[in-house]
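Q: Residue-level listing of the chains:
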Amino acid sequence: MISMTPRKHIPLSLTLLTPAIAIFLTLAVGAGIFGILGFSPLGSLYTFFVAPISRPDQIGDLFVKACPLIITATGLVFCFRANVWNIGAEGQLVFGAIFSGWVALSFPDWPAITLMPAMVIASIIGGICWAMIPALLKVRFNTNEILVSLMLTYVAALFIDWLVRGPWRDPMSFGFPLTKMYSDAGLIHRIDVPFVGGLGQLHWGVVGALLLATAGSFVLSRTILGFQIKVMGDAPRAGRFAGFKPHLVTIGVMAIAGGAAGLAGMVEVSASMGQLQPNVSFGYGFTAIIVAFLARLNPIGVIFAGLIVALAELGGDYAQIALGMPKVVTGVFKGILLFMLLAGETFNRYHITWRRPAVMPVSKEQ
Amino acid sequence: MEALILTVLLTSVPLILAATGELVAERSGVLNLGVEGMMLMGAVSAFAATSILGNPYMGILAGAVAGAMTAAVFSLFALGLATNQVATGLALTIFGSGLSGLAGAPFVGGTVDGLPNLAIPLLVDIPVIGNLLFNHDIMAYLSVGFLVLVAWFLNRTRAGLVLRAVGNSHDSAHALGYRVLLVRLGAVSFGGMMAGLGGAYLPLVLTPHWSEGMTAGRGWIALALVVFASWIPSRILIGALLFGGITIMQLAGQARGWTVPSQMLSMLPYIATIIVLVVIARNRDFALANSPACLGRLFIGNK
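Going down the list, the protein sequences come from chains A and R. Every number in this note's numbering is 9 more than the matching position in the first sequence, counting from 1. Every number in this note's numbering is 11 more than the matching position in the second sequence, counting from 1.
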């Protein structure tokens, strides 16, 4: 019989060790599954996690892949800390891309100095708007934010599909579902590293993502807003006694998460695509959930977690080419990783021991 | 018109199956958000078994087993290690989508012979409704059968009472000597089996092929249906038919040459889900009267 007693004090070493053990177990279980399905276990792991970063320019690509994940997960950390389950970041990301795309396509003559800030603001507004639907419905009617935000993801995907196939399609695109290219001022440019030149696809949005995660860490640990969010998540009753407004916290964290996801959508399109297309996101909104958990809901941790998960994503692209596996296989790794992280959380919080069933009598004397 | 009603009935079958299973799990106090993942595993297993063995009934079996086994992964973590149920359910959906895509890759592009219709003698000859109600495949009958069975089990049997007690107050049930985790393991496994069956219905009846993510959010709609039904089995039937009808509206709309873009029509089931959730949630007494009090709460045995 397993017996679980809450730990009074969680040692720091354990906090750092659990994600490492979770990653190790994920690799072991993943390799086992590949073995069962007839692939070489070690070869698969090599293709997934070593081949994608064996050249210096590929390090740049790793950061590029991590960029939308870091931005989105930073926002989600706020939601999950407050116990608000926004799992529709994918849709909020798409709406950020749509709003910023509207600005870029409507004002192609603006110089970068005005166009770029306008696009950033538009993307944040777009993400917030889409996140406000589940937030307001939860606050006003107590509807389930999980289901509403998820349903809106499907709606957002269909909406952008309609835009790029219908009203926003470039007449010169030969029937492809693409908008016009953004003007040069609407594009995020690659970083020129001194003496090296370009480092893969590394672009300025990555710098923004790192700054955003740092800012998120500051807000969460050093401001009254961050304190309110943590209290409402850990002890809502205590928060209410302290006079915090649960509804405001819910709306606040949804706005932060929606705005961040929207921004990620803008960065992804402006840096990597240059125009809107039916798929502006490849599940980044969902993958960011795992990133947030791997980071143990800590914005600085999000940077490292984003890089680790981005490696698995890149590995998925490689496996698709080298081993002919479908792209969704990364989902196997991502799912197992999330399982392992959650289990690690239990081992963190509780002291777990085996006891023989005989030693635990059901006390009936009381 | 008859064809349209038949399509509505068929579309609602996977929703009835998955939602009935999830209802039992939730009544025992476990919120398993992995329905979409379990349905996908059921769908891919059913398709694989049918195309290898050539018998759709083996496909049904494979779907049920795959669903229950996927649910066992959830139980291992959420019940065995008391992990957060919301996050564990999400992990199950991500895992199930990935694994089903990997396992199903060799089967993309293939087709299978679907389940045959079994007309019930005599009843099928009733004018108007006979053909509509009594000329279906076995899983359509099963879905309604399971629904009736679950309603009877929950409300009329001692075991059902224990299950509801566990869902409403796991501490009291534990104090009375009931094995909380064992009851929940059973309920979650049943939910997984039903979701697997619901998934199996897609390649076996609705579209005779396998494609990645072919459930297209049906698992999430099934979760919404349980809320819609306010945890009462019979209401699932109404909800599922309603959603089936909305899903079919897009086909009917295209056939009649509506000028609305197809994407807008495809949005209808998702938007309808949101509207339904709001309407249900507005009336708190109605919405929460049967809501299990311990839904989603962690139970740490022998503390």
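Hints listed in this document are in silico derivations from the structure and should not be mistaken for laboratory results. Since the model is a prediction, treat every value here as computed from it, not as a measurement. Please note: incorrect hints may appear among the correct ones.
[Unchecked claim] Here are the simulated lysine to any residue pairs, SDA-like style, with alpha carbons at most 20 Å apart:
1. A:LYS17 to R:LEU92
2. A:LYS239 to A:LYS189
3. A:LYS336 to A:LEU320
4. A:LYS336 to R:PHE310
5. A:LYS17 to R:PRO117
6. A:LYS336 to A:LYS17
7. A:LYS336 to R:VAL97
8. A:LYS336 to R:LEU134
9. A:LYS239 to R:LEU92
10. A:LYS239 to A:LEU320
11. A:LYS189 to A:ALA251
12. A:LYS17 to R:ALA227
13. A:LYS336 to R:GLU223
14. A:LYS189 to A:LEU320
15. A:LYS336 to A:ASN357
16. A:LYS336 to R:GLY120
17. A:LYS336 to R:GLY224
18. A:LYS336 to R:LEU92
19. A:LYS239 to A:ILE19
20. A:LYS239 to R:GLY224
[What the hints assert, rightly or not] For each label pair, taking beta carbons as the anchor points, the in silico distance ranges come out as:
21. A:PRO245 to R:LEU134: 46 to 56 Å
22. R:VAL271 to A:ASP179: 46 to 56 Å
23. A:LEU332 to R:ALA83: 52 to 62 Å
24. A:SER63 to R:HIS220: 18 to 28 Å
Think of the CB as a built atom: it goes at the ideal place given N, C-alpha and C, for glycine as much as any other residue.
Q: Given the hinted pair LYS239 of chain A and LEU320 of chain A, is their alpha-carbon gap at most 20 Å?
A: 30 Å, violated
Q: Please work out if LYS239 of chain A and GLY224 of chain R have their alpha carbons no farther apart than 20 Å.
A: Between LYS239 of chain A and GLY224 of chain R the Cα gap is close to 36 Å, so the pair fails against 20 Å, i.e. violated.
Q: Between LYS336 of chain A and LYS17 of chain A, does the CA-CA distance stay at or below 20 Å?
A: 43 Å, violated
Q: Would you mind confirming whether the straight-line C-alpha gap from LYS189 of chain A to LEU320 of chain A stays at or under 20 Å?
A: 31 Å, violated
Q: Hinted pair, alpha-carbon criterion (20 Å max): LYS239 of chain A, LYS189 of chain A. Please report holds or violated.
A: 44 Å, violated
Q: Is it true that the CA of LYS336 of chain A sits at most 20 Å from the CA of ASN357 of chain A?
A: With a Cα-Cα distance of about 33 Å, the restraint between LYS336 of chain A and ASN357 of chain A is violated, given a limit of 20 Å.
Q: Mind checking the alpha carbons of LYS239 of chain A and LEU92 of chain R for me, to see if they're no more than 20 Å apart?
A: Answer violated: LYS239 of chain A to LEU92 of chain R is near 24 Å, above 20 Å.
Q: Is the hinted pair LYS336 of chain A and LEU134 of chain R satisfied, with a Cα-Cα distance of at most 20 Å?
A: 49 Å, violated
Q: Checking one constraint from the list: CA of LYS17 of chain A to CA of ALA227 of chain R, max 20 Å. Satisfied?
A: 44 Å, violated
Q: Could you check the hint for me, namely that LEU332 of chain A and ALA83 of chain R are 52 to 62 Å apart, CB to CB?
A: 28 Å, violated
Q: Has the given pair, LYS336 of chain A with VAL97 of chain R, been kept, meaning a C-alpha gap of at most 20 Å?
A: 25 Å, violated
Q: For the pair supplied as a hint, LYS189 of chain A and ALA251 of chain A, confirm whether the alpha-carbon distance does not exceed 20 Å.
A: 52 Å, violated
Violation of the numbered hints given earlier is confined to hints 2, 4, 5, 6, 7, 8, 9, 10, 11, 12, 14, 15, 18, 20, 22, 23, 24; the remaining hints are satisfied by the structure.
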